[in-house]
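> The chain contents come next:
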Amino acid sequence: MSLPKPGDRDLRLDLFRGLALWLIFLDHIPSNIVNWVTIRNYGFSDATEIFVFISGYTAAFVYGRAMREHGTVIAGARILKRAWQVYVAHIFLFAIYTAEISYVAHSFENPLYHEEMGIFDFLQQPDITLAQAMLLKFKPANMDVLPLYIVLLAGFPPMLWLLLRLPATALGLSVLLYVLTLRFDWNIPAYPNGNWVFNPFAWQMLFVFGAWCALGGAKRLSAVILSPITAGLAALFLAFAFFVVLTWYIPGLDAFVPRWLEDWMYPIDKTNLGMLRFLHFLSLAVLTVRVVPRDWPGLRSRWLRPAIVCGQHSLEIFCLGVFLSFAAHFAMVEINQGIGMQIAMSLLGIVIMIATAALISWYKGIEGRSPRSRPGPPGATLVGGGV
Amino acid sequence: MRPIVIALLCASCASAAVYAGVAAAKEGNECIVAAGSVAPDFGMPHVARAIAKKKLDIAVIGSASSELTGPAGTNIAYPTWLEETLRSLLPGVTVKVTTYARPRETASEMEAKLARIISESKPALVVWQTGTADAIRGVDPEDFRVALDDGVDKLRASDADVVFMNMQYSPRTEAMLAVTAYADAMRIVALKREAVLFDRFTIMRRWNESGVFDLYGATRTTNIAERVHDCLGRLLADVVVAGAKLAPVVSRGTE
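Chain order of the listed sequences is A and B.
Here this note's numbering is used: the first residue of the first sequence is 1, the next is one more, and so on.
Here this note's numbering is used: the first residue of the second sequence is 1, the next is one more, and so on.
What the hints contain is simulated information worked out from the structure, not anything from laboratory work.
Even glycine gets a Cβ: it sits at the ideal position worked out from N, Cα and C.
Fair warning: there could be bad hints in the mix.
To give a feel for the contact side, a few chain A residues facing chain B, derived at Cβ under 10 Å [said to hold, decoys possible]:
| no. | residue |
| --- | --- |
| 1 | I29 |
| 2 | P30 |
| 3 | S31 |
| 4 | E69 |
| 5 | L135 |
| 6 | T181 |
| 7 | R183 |
| 8 | I188 |
| 9 | G194 |
| 10 | E262 |
| 11 | F326 |
| 12 | A358 |
Per the computed footprint, the stretches of chain B lying under chain A, defined by three or more beta-carbons under 8 Å from a beta-carbon of chain A, are [as the list claims (entries may be wrong)]:
| no. | region |
| --- | --- |
| 13 | 88-94 |
| 14 | 127-141 |
| 15 | 151-163 |
| 16 | 173-181 |
| 17 | 187-195 |
| 18 | 216-223 |
A few chain B residues that don't get close to chain A, going by computed Cβ distances all over 12 Å [said to hold, decoys possible]:
| no. | residue |
| --- | --- |
| 19 | E30 |
| 20 | I32 |
| 21 | R104 |
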């Protein structure tokens with residue numbers, strides 16, 4: 001099987017992951033008018049799908065080569081080291097979150113919000129909460145993606161081993177796990193209630209599918225992906241999804257959706273990566289690949305450079321984005337919540353993400369670890385392409 | 001609120017304007033801002049029938065945000081204002097609002113006691129306030145949706161209309177409490193089952209945006225809370241009256 005050459009890094013991956021990071025940041029700022037632009041308002045799937053798929057793709061791209069060149073053990077050890085880094089990043093974010101929420105709990109009192117103050121209850125029992133957070137069972141709002149990624153990485157070494165030998169079998173096993181998960185309701189329990197918001201047993205399918213595509217699957221499917229029939233079907237499906245989303249907001253429009261379709265379609269499950277979400281993501285991907293070919297000159301233009309740089313340092317920028325969305329909300333509450341402020345905070349956040357990504361690139365450059373200066377064994381940037 | 005809603009609200013402006021006019025004429029100044037967003041999407045045939053029979057019993061099921069006790073120990077929460085306003089809007093009708101609110105109760109816990117409430121107070125209308133407790137306790141949104149669905153079944157079987165009331169808009173805690181999945185579930189169940197959604201979240205958010213109420217200021221007094229509940233109760237009363245009027249026209253499937 002032919003693995004991609006080190007030099008063929010597909011800039012589209014960085015570009016779209018960078019864009020997904022911006023969208024996730026925007027979506028995490030509550031009551032933000034700029035959320036208008038994010039794709040979740042126009043169809044079933046959202047930036048999370050893009051993110052998980054590309055993460056699987058790049059993980060296979062980077063560690064697949066490492067596994068072939070340095071062996072299963074070394075590549076597996078690198079993947080687990082990466083999972084550990086993501087875990088540390090998650091705990092760091094949790095510390096920031098706890099600091100913010102403790103501040104609010106102490107400074108805010110209003111009888112109107114007696115009920116909402118219930119979210120501060122966990123501060124009363126740090127013994128339990130902190131342990132549950134470290135076990136990844138207690139996950140505050142908007143902090144569900146990194147735990148998913150940790151589990152996906154932790155389980156990835158044997159899957160990668162199999163993908164390199166029997167790709168079809170590996171993909172088949174992944175689909176089987178997805179089907180069994182839906183059938184038997186497997187998930188990881190959360191604290192204090194319920195299950196993980198992103199079920200790793202279901203979402204692994206998208207991650208493995210991304211990995212499979214990176215290891216030659218995309219090439220095998222290229223006739224299907226580039227056929228006009230597929231593109232037509234994808235466009236139809238996107239139009240259908242858009243119409244269905246409209247019926248969620250306009251009373252009366254619902255009458256045009258037949259009962260049997262509703263019964264079959266709902267609920268559109270985010271926790272378990274519902275099939276409609278998966279298909280919606282595939283449709284977006286198929287059309288994107290058509291519109292933006294790999295050698296598209298625009299990928300080298302400086303206008304797309306900011307998104308690409310963010311996509312190349314995705315773990316750092318993801319964490320920064322979660323922090324910035326807390327901070328933006330905090331600033332909006334403390335200073336001003338007007339539309340002007342919402343737009344300013346959204347833009348400022350993205351600028352900070354770009355500046356930080358550029359700074360990280362610069363650091364890696366002076367340490368001689370830039371992806372351009374050392375394309376051989378995976379440098380931190382490529383491995384860092386994980387999230 | 002999802003941005004797309006803002007775009008699409010314009011589409012429903014025509015119908016909303018009718019009720020906005022009605023509300024603006026009746027409300028005190030502070031509540032008006034939200035009036036455009038409180039037009040009921042569906043009729044309330046059971047309420048209409050109860051009004052015709054001159055006896056309207058309403059049950060409010062909810063959690064802590066349906067209760068509010070003032071300094072004098074009196075109940076100053078929205079159910080009280082709902083009852084008072086309905087009495088003045090519906091002269092000659094005996095209106096009784098009974099509140100079944102328990103702090104931290106989730107939708108499925110509420111659903112489990114619906115049968116008892118129905119047999120106790122035989123309401124023509126159940127106002128079902130929920131979502132916040134489920135979000136705080138991290139209940140699976142799908143379980144939440146199923147509880148709402150089952151609850152609507154029970155209420156319809158007992159000849160009661162349903163108004164869902166979603167969570168409060170709470171700017172201070174908004175980034176820490178992920179309510180979107182629960183708010184979406186409530187909106188979708190309401191649309192699919194032709195029940196009215198009283199969008200407390202959007203209403204309160206507009207008050208906050210337009211400066212009617214300062215919802216992020218810290219205070220120990222109940223002044224703002226009382227005024228907010230007063231407005232909510234009055235707007236809810238408008239929705240009930242408008243829903244009853246709407247009933248003969250849009251009662252498909254609810255009879």
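> Give me the numbers of the hints this structure contradicts, sorted from smallest to largest.
4, 5, 6, 7, 8, 12, 13, 15, 21
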